[in-house]
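Asks: Quick note, the sequences are listed as chains P and U, same order. Sequence positions in the first sequence follow this note's numbering and run 1 to 184. Sequence positions in the second sequence follow this note's numbering and run 1001 to 1169.
Among these hints, one or two may not hold up.
Some residues of chain P that are not near chain U, with every Cβ distance over 12 Å (derived) [to be verified]:
no., residue
1, THR52
2, GLN53
3, ALA85
4, SER92
5, PHE148
6, LYS156
7, ARG167
8, ASP178
With a Cα cut of at most 30 Å, we get these calculated DSSO-like pairs of lysine-lysine [claimed, not checked]:
no., chain 1, residue 1, chain 2, residue 2
9, P, LYS94, U, LYS1070
10, P, LYS129, P, LYS156
11, P, LYS129, P, LYS33
12, P, LYS33, P, LYS149
13, P, LYS94, P, LYS129
14, P, LYS156, P, LYS33
15, P, LYS33, U, LYS1070
16, U, LYS1052, P, LYS156
17, U, LYS1070, P, LYS129
18, P, LYS129, P, LYS149
19, P, LYS33, U, LYS1052
20, U, LYS1052, P, LYS149
Negatives, chain P to chain U, calculated, CB over 10 Å [stated by the list, open to error]:
no., residue
21, GLN14
22, ASP25
23, GLN71
24, PHE72
25, ASN81
26, PRO131
Please keep in mind that the hints were generated in silico from the structure rather than gathered at the bench. Beta carbons: idealized from backbone N, C-alpha and C, even for Gly.
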Amino acid sequence: MTSYSDTSDNHLVQQFIQGDMSAFDSLYTRHIKTVYNRVRYVVPETDVEDVTQEVFIAALSSLPSFRGEAQFSTWLRTLTNHKVAEYYRRRSRKKETMQVDMVHAERRGDQNHPILLEDRITIQRALNKLPEQYREVILLRFAEGMQFKEIADSLKQNPEATKSLFRRAIATLRNTLDVKDDPT
Amino acid sequence: MTLPSNNNSELQDQLANFVDRILAGNPANLDQATFAPEEDLRALEQTAIRVKTAFGDNDPDEAVINRIQKNILGQMQISEIHVNESIWRKFIEYFKPSEKKWRSQHSRQRLNIIISLATVVVLMLVAIPFLNSSNGDQPGASGQFLNNYIPIAIGGLILLVLWLTRRKS
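The shape of chain P in the complex, shown without the other chains:
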């Protein structure tokens, strides 16, 4: 495989469009952890791999239409959010519940303590109820590990505005978690 360690994402995309499949492998290697972690924060553990896979399959088929107007990472993040939304639309049709998530996770032999597992599911549901900008700033900091300065650049804000947004997001998350869970 060609080494693309110093090549920019957008250049890799161009290489891929010209037929170089190893350029896509490099993009995958570069972004898999970020996508996987983002998905892990908002999708039940049992479906994280499937949704992550769907994101990259969608990326593979949509890349020829990528114009490079945004950064590839931003484009991939948007694609991930779409795939997560699509996952929840499918899931709502099946009427799957938190109890189902627990049963699936336990059947799968999840290594986590049941209380931790339940808390993760509770937080996931709370995150999914947050306004999009609040959820986004939490995911960027916790799931993607971006620094506040980087988040500010990404959101085209100053760092103080980003920290303020983050504080409000955490406060809203806390309030959402305090509200008794919907039994469904």
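Place chain U on chain P using the hints.
Replies: Chain U in isolation, oriented as in the chain P frame:
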């Protein structure tokens, strides 16, 4: 949680610093994290700790990364095969109607009409030049008679074929 704006600014910086510390693994054991004395900030810090504890630092391991990559390539190959198959299937189906189609009364009727009309058109194309060539230099001969009645004969033939087709089906 309504605080004056200067307090808010201080609070958001403190929360951001706290989150930076815990995400950097300090303290290594989150149970030992020290919270701010202020109730508002402490509540937010505890929520941050709760999120961090619930999700941990679980990057996918190499096996998971390779498995997903393999599945992506597998899916792409399947979809390529599927596309190829569907092209061939359409091609074959175009020329080989299914049994269901053959059994359909409507299709059979339509096919009969098409065959009949095609036969008539072929007959016309074959017969007309021949009949025209025989009428030029023989005035009053049978060619003239045929030339006058050909359109009527063909029209009648078409109507007959259509009527027979309808009656059969």
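Asks: So, for every hint listed, does it hold in this structure?
Replies: Against the structure, the hints:
1. THR52: violated (6 Å)
2. GLN53: Given that some Cβ of chain U is not farther than 12 Å from that of GLN53/P, nearest at about 5 Å, it is violated.
3. ALA85: holds (20 Å)
4. SER92: holds (23 Å)
5. PHE148: Contrary to the label, PHE148/P does not stay out of reach of chain U, its closest Cβ about 6 Å off (not over 12 Å).
6. LYS156: holds (18 Å)
7. ARG167: violated (4 Å)
8. ASP178: Label violated. Min Cβ-Cβ 9 Å, cutoff 12 Å.
9. LYS94/P - LYS1070/U: Measuring from Cα to Cα gives roughly 28 Å; hence the hint holds.
10. LYS129/P - LYS156/P: With a Cα-Cα distance of about 24 Å, the restraint between LYS129/P and LYS156/P holds, given a limit of 30 Å.
11. LYS129/P - LYS33/P: holds (24 Å)
12. LYS33/P - LYS149/P: Holds, at roughly 21 Å.
13. LYS94/P - LYS129/P: Between LYS94/P and LYS129/P the Cα gap is close to 19 Å, so the pair holds against 30 Å.
14. LYS156/P - LYS33/P: Holds, at roughly 24 Å.
15. LYS33/P - LYS1070/U: Given that 30 Å is the threshold and the Cα spacing comes to 16 Å, the pair holds.
16. LYS1052/U - LYS156/P: holds (26 Å)
17. LYS1070/U - LYS129/P: violated (33 Å)
18. LYS129/P - LYS149/P: Status holds; Cα separation ~26 Å.
19. LYS33/P - LYS1052/U: holds (17 Å)
20. LYS1052/U - LYS149/P: holds (20 Å)
21. GLN14: Given that every Cβ of chain U is farther than 10 Å from that of GLN14/P, nearest at about 20 Å, it holds.
22. ASP25: The assertion about ASP25/P is violated, with a minimum of 8 Å to chain U.
23. GLN71: GLN71/P clear of chain U: closest Cβ-Cβ about 22 Å, beyond 10 Å.
24. PHE72: PHE72/P is indeed farther than 10 Å from all Cβ atoms of chain U, at 17 Å.
25. ASN81: The claim holds: ASN81/P sits with its nearest Cβ about 18 Å from chain U, beyond 10 Å.
26. PRO131: For PRO131/P, whose nearest Cβ neighbour in chain U is about 16 Å away, the distance exceeds 10 Å, so it holds.
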